[in-house]
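Just so you know, the protein sequences line up as chains A and B, in that order. Under this note's numbering, the final residue of the first sequence carries the number 431; numbering is consecutive throughout. Under this note's numbering, the final residue of the second sequence carries the number 215; numbering is consecutive throughout.
If you are wondering where the hints come from, they were derived from the structure by calculation, not from laboratory data. Note that the coordinates shown come from a computational prediction; the quantities given were computed from them, not determined experimentally. For glycine and all other residues, C-beta sits at the position ideal for the given N, C-alpha and C. It cannot be assumed that every hint is accurate.
[Said to hold, decoys possible] The calculated EDC-like cross-link candidates involving lysine to aspartate or glutamate, where the alpha carbons are at most 20 Å apart (straight line), are:
1. LYS385/A - GLU332/A
2. LYS366/A - ASP402/A
3. LYS375/A - ASP402/A
4. LYS366/A - GLU405/A
5. LYS366/A - GLU332/A
6. LYS112/B - GLU208/B
7. LYS359/A - GLU156/B
8. LYS366/A - ASP104/B
9. LYS160/B - GLU178/B
10. LYS385/A - ASP402/A
11. LYS375/A - ASP202/B
12. LYS359/A - GLU185/B
13. LYS366/A - ASP132/B
14. LYS366/A - ASP202/B
15. LYS359/A - ASP143/B
[Stated by the list, open to error] Only some residues are given here: those of chain B computed to face chain A with a beta carbon under 10 Å:
16. GLY131
17. TYR138
18. GLY145
19. GLY161
20. PHE193
21. SER200
22. ILE204
23. GLY207
24. TRP211
25. THR213
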Amino acid sequence: AQSVTQLDSHVSVSEGTPVLLRCNYSSSYSPSLFWYVQHPNKGLQLLLKYTSAATLVKGINGFEAEFKKSETSFHLTKPSAHMSDAAEYFCVVSDLGGSYIPTFGRGTSLIVHP
Amino acid sequence: DSGVTQTPKHLITATGQRVTLRCSPRSGDLSVYWYQQSLDQGLQFLIQYYNGEERAKGNILERFSAQQFPDLHSELNLSSLELGDSALYFCASSPFSGDTIYFGEGSWLTVV
Numbered sequence: 318a319q320s321v322t323q324l325d326s327h328v329s330v331s332e333g334t335p336v337l338l339r340c341n342y343s344s345s346y347s348p349s350l351f352w353y354v355q356h357p358n359k360g361l362q363l364l365l366k367y368t369s370a371a372t373l374v375k376g377i378n379g380f381e382a383e384f385k386k387s388e389t390s391f392h393l394t395k396p397s398a399h400m401s402d403a404a405e406y407f408c409v410v411s412d413l414g415g416s417y418i419p420t421f422g423r424g425t426s427l428i429v430h431p
Numbered sequence: 104d105s106g107v108t109q110t111p112k113h114l115i116t117a118t119g120q121r122v123t124l125r126c127s128p129r130s131g132d133l134s135v136y137w138y139q140q141s142l143d144q145g146l147q148f149l150i151q152y153y154n155g156e157e158r159a160k161g162n163i164l165e166r167f168s169a170q171q172f173p174d175l176h177s178e179l180n181l182s183s184l185e186l187g188d189s190a191l192y193f194c195a196s197s198p199f200s201g202d203t204i205y206f207g208e209g210s211w212l213t214v215v
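Build out the structure end to end from the sequences listed, making use of the hints.
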């Protein structure tokens, strides 16, 4: 069975400061891990994905995430927040040896203050 | 633009009615997923089809059904609608099961 927990429902930062969105996962198999972003009234856009290659994954818009197997974590970071980063972020796990159905976290709302 | 097309974008209907949501996957993608997003339940997986066959079922109500046609487009049928069915319904597609899924813009359903 697979599951994913996003540890914060809301994260508030000031523009120009670092962003950290936390995600822990549980997987019985080798997982694929993803981060998606959803802007208001829009669909979900893929930010980045991990599929057992490099543990540090770089995505679009300056975001990156690090896969830490020992901590079962896949936290999303960005060095400097922009106002346009304000959105809902979803961490997703998919068991490559299991059901293959992506399981979504509850989401983290990123608020960026000027 | 993800390449996944959903219609209609917005739909308002009355309780007890039936609606059909349509999805065209990305060119070449064989797998289609349906998700429901609501404020209280978050993003819930409903059902997956792969190359015309049902592959997996999630939290899909018996009042809901789906199918994938030979041209790979998919339809989600929602019947005997209730107020609680009001939500954003997403279709997503991937080349095969387990690969990255790409989402459409969603269909907003409001039941009044």
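Status of each hint after checking the structure:
1. LYS385/A - GLU332/A: Answer violated: LYS385/A to GLU332/A is near 28 Å, above 20 Å.
2. LYS366/A - ASP402/A: Status holds; Cα separation ~18 Å.
3. LYS375/A - ASP402/A: holds, 16 Å
4. LYS366/A - GLU405/A: With a Cα-Cα distance of about 17 Å, the restraint between LYS366/A and GLU405/A holds, given a limit of 20 Å.
5. LYS366/A - GLU332/A: Roughly 25 Å separates the two Cα atoms, so the pair is violated.
6. LYS112/B - GLU208/B: holds, 8 Å
7. LYS359/A - GLU156/B: violated, 29 Å
8. LYS366/A - ASP104/B: At roughly 18 Å apart (the allowed maximum being 20 Å), ASP104/B and LYS366/A satisfy the hint.
9. LYS160/B - GLU178/B: holds, 15 Å
10. LYS385/A - ASP402/A: Answer violated: LYS385/A to ASP402/A is near 24 Å, above 20 Å.
11. LYS375/A - ASP202/B: holds, 18 Å
12. LYS359/A - GLU185/B: violated, 24 Å
13. LYS366/A - ASP132/B: Satisfied, since the Cα-Cα distance of roughly 18 Å is no more than 20 Å.
14. LYS366/A - ASP202/B: Holds, at about 10 Å.
15. LYS359/A - ASP143/B: holds, 18 Å
16. GLY131: Hint violated; GLY131/B Cβ to chain A Cβ min 17 Å, cut 10 Å.
17. TYR138: Hint on TYR138/B: holds, closest Cβ of chain A at ~8 Å, below 10 Å.
18. GLY145: holds, 5 Å
19. GLY161: With a minimum Cβ separation of about 7 Å from chain A (threshold 10 Å), the hint on GLY161/B holds.
20. PHE193: Constraint on PHE193/B satisfied, holds at 7 Å.
21. SER200: holds, 4 Å
22. ILE204: This interface hint holds because 6 Å falls under the 10 Å limit.
23. GLY207: For GLY207/B, the interface hint holds, since the closest Cβ of chain A sits about 6 Å away, which is under 10 Å.
24. TRP211: Status holds, d = 8 Å.
25. THR213: violated, 14 Å
In terms of the numbered hints stated before, the structure departs from hints 1, 5, 7, 10, 12, 16 and 25, listed from lowest to highest.
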